[in-house]
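Quick mapping for you: the protein sequence lines, in order, are chains D and G.
According to our numbering, the stretch in the first sequence is residues 6 to 322, in order.
According to our numbering, the stretch in the second sequence is residues 286 to 656, in order.
Everything labelled a hint here was simulated from the structure, so no lab data went into it.
Being a predicted model, the structure only gives us computed values, none of them experimental.
A couple of the hints might just be wrong.
Here are a few chain G residues that face chain D, going by a calculated C-beta distance under 8 Å [to be verified]:
(1) Met286
(2) Arg289
(3) Val297
(4) Arg300
(5) Ser301
(6) Arg304
(7) Ser417
(8) Lys438
(9) Gly441
(10) Lys491
(11) Gly492
(12) Arg495
(13) Pro501
(14) Asp624
(15) Asp653
Below are the DSS-like pairs computed for lysine-lysine, each with C-alpha atoms no more than 25 Å apart in a straight line [what the hints assert, rightly or not]:
(16) G:Lys649 - D:Lys135
(17) G:Lys438 - D:Lys84
(18) G:Lys491 - D:Lys148
(19) D:Lys148 - G:Lys567
(20) G:Lys649 - D:Lys82
Chain G side only, calculated, beta carbon under 8 Å to chain D, not exhaustive [what the hints assert, rightly or not]:
(21) Ala293
(22) Ile493
(23) Lys496
(24) Thr500
(25) Leu528
Ideal placement from N, C-alpha and C gives every residue a C-beta, glycine not left out.
Each chain is listed here by its residues.
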Amino acid sequence: MHHGMPNSSHAIVVEHLSKRYGTLLAVDDVSFSVATGEVFAFLGPNGAGKSTTAEIIETIRTPTAGHVTVLGMDVTKSKAKVVRRIGVLPQGFSSFDRITVRESLSYYAQVFGCKADVDALMDLTHLRDKADARFNTLSGGLKQRLGIAAALVNDPEVVFLDEPTTGLDPHARHAVWDVLKGLKDRGKTVFLTTHYMEEAELLADTVAIISKGRIVAADSPARLTEKHGDHLRLTLESSDAAAPALIRKMGFEPTQMSGASICVQVKDADDVRAILGEIERAGLSLRGIDVRKPNLEEVFLKLTEEHRPDTAGRGSR
Amino acid sequence: MTPRIIAANLVVRLRSFYRERSAMFFTFAFPVILVLVFGTIFTTPEHLDFNLPVQDLSRSAASARLIDALSTDQTFRITPVPDGVDAAQYARQHKHNLVLVIPEDFAAMEARRLGARDASVSVPLRYIHDPSSTSVNAKIQALETIVAAMNQKMTGTPPFITLVATSILSEQYRFIEFFVPGIIAMAIMTSSLGNALNMNAELRQKGILRKLATTPITRTDWLVSSILYQLILSVASTVAILLVSYAVFDVRLHIGAWLPLIVVIEVIAFVGIGMLLTPFAKEAESASAVGNAFLFPMMFLSGTFFPVEMMPAFLQSFARLLPLYYVNEALRAAMIFADDPATLRMAGIAAGFAAIVFVAGTFKTRWDGEA
């Protein structure tokens, strides 16, 4: 976790940020910074303080304590200046029901007082053939793409995307990802909140994970998996009922998966070789193997474990 | 406050309004239909039913003179009732609210009174009436006037006391003249309160506000555009109501500077109430329920459809707590009576109310994602 100094190489600097709702401390002394030009993914389970933090940076909410600057400007003191230089896709973006895509974009452009190239924005978000469709006739994916286009009307330096693909089908999600890659190529700083690890791995330069209102990890996706994923996952295809017992005898903890799959968490390649050797010596059948490094999802689950509903739920009741 | 932003908001809201048929209907067509329906029901009966079935059992020159007098100046349209039938039965059967019976001895009695100068002789003219009919009293009154005039004439001297009427109204004042200002006030109230509630609920429930809060739109920009939008709709609906009233009922109303001023006051008052009620109407569905809970008592108790004076005293005192009452009174004082001091008084009270709720509503309205 790098506590950034407020300087020009950081588009966003968050220092000791807290937000309290009554007795609930939603965000608890959070500090991080986002470098100019990077795609920063902010991950966390629902209710971890992810959107609250994002909305404070986006000027939608006000902090209880701490300090947030965007492009060197304080978000609470200079809200009017900040909003002109950022673009926001809020969570669950919505617009006026009976206003068309083209009209919506013109509206936001007029509100910002800028001459936006509405056609170019529609091209970028692949909305050209929906230009005259009213908002309430758009599918979820199209609505999100309109939201992204609307976030770009003022040619912002920092773009905030709060759960841009939540609730979308795989096709719509990939279409949104294409748009997001386009933003990255254009050198925008992107602040992305999501609970899809795939999305973060695919798009982000830096990932920060928030759990129970605190940042538990922040680094590049590759370094996070390297640092926190100090194991391999070995999957064996064996119809032999004796296989799990054999592996257990070696001191590992196999789990029987669906069908004939057995899953074992091991430390390194030597463990894999040892297990395979024992199976061969015992003459057990082996139809297939798969060795995998842990992905971001596993790191996420590990780091936010105490937040999972089955364990976290008890504390709040 | 940025004119460019206010203009953008106005365009979006007017477009949305134009594209929603039901909003168009309730803002423009509904009040106009009310004027047409109520205007037709309450304006025409005066000419409609002045039929008077008469059973002339006398069949004499004297009874013919009486029937003649009843139909002069087209007061009554006389229809004969056959001799043999029971008059009350006849009235029930043919749904007549008034039937007159001239007795058999009418001519003989008249001869004794006029010829023999016997002042003790009088003749009863029986009328059968339906007291539940609303227009029957006017007919009975007309009948009594004609009979009184005939009695007077028989004395042979002109009457001593005569009545001369002077109206407090500058023009003739019918129900429709009373009704039109009430409907104007009702239409403005319904659309101002309804739109304010629905828009605020939509902004919050659908999360549009989260987006707008990250743009340069300020709360002032939004409030000013809401008021302007509502004013445009209110002026348009007032013009529509007035056009139809003039074209169909030839109303006689005073249209002056008071009317637009009172419209502005009413819009501000009910947009203000809408902002205050927003916390109770977070969803679009509950917004209309909350709105109706407020609108209906207001509509019926503030003198929209009938004068407040017709209600019992405790309801009248209650009406005096309702803002719409003052708007109605101000509009009628200005449009019917052309009474400037009364208009000023009533509009002043409405304006005071508007200022209080609008300022309170402004403080209550949050322009961020915290709400």
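(message) Checking each numbered hint in turn, tell me which of them this model violates, lowest number first.
(response) Per hint list: 1, 7, 8, 9, 14, 16, 17 and 25 violated.
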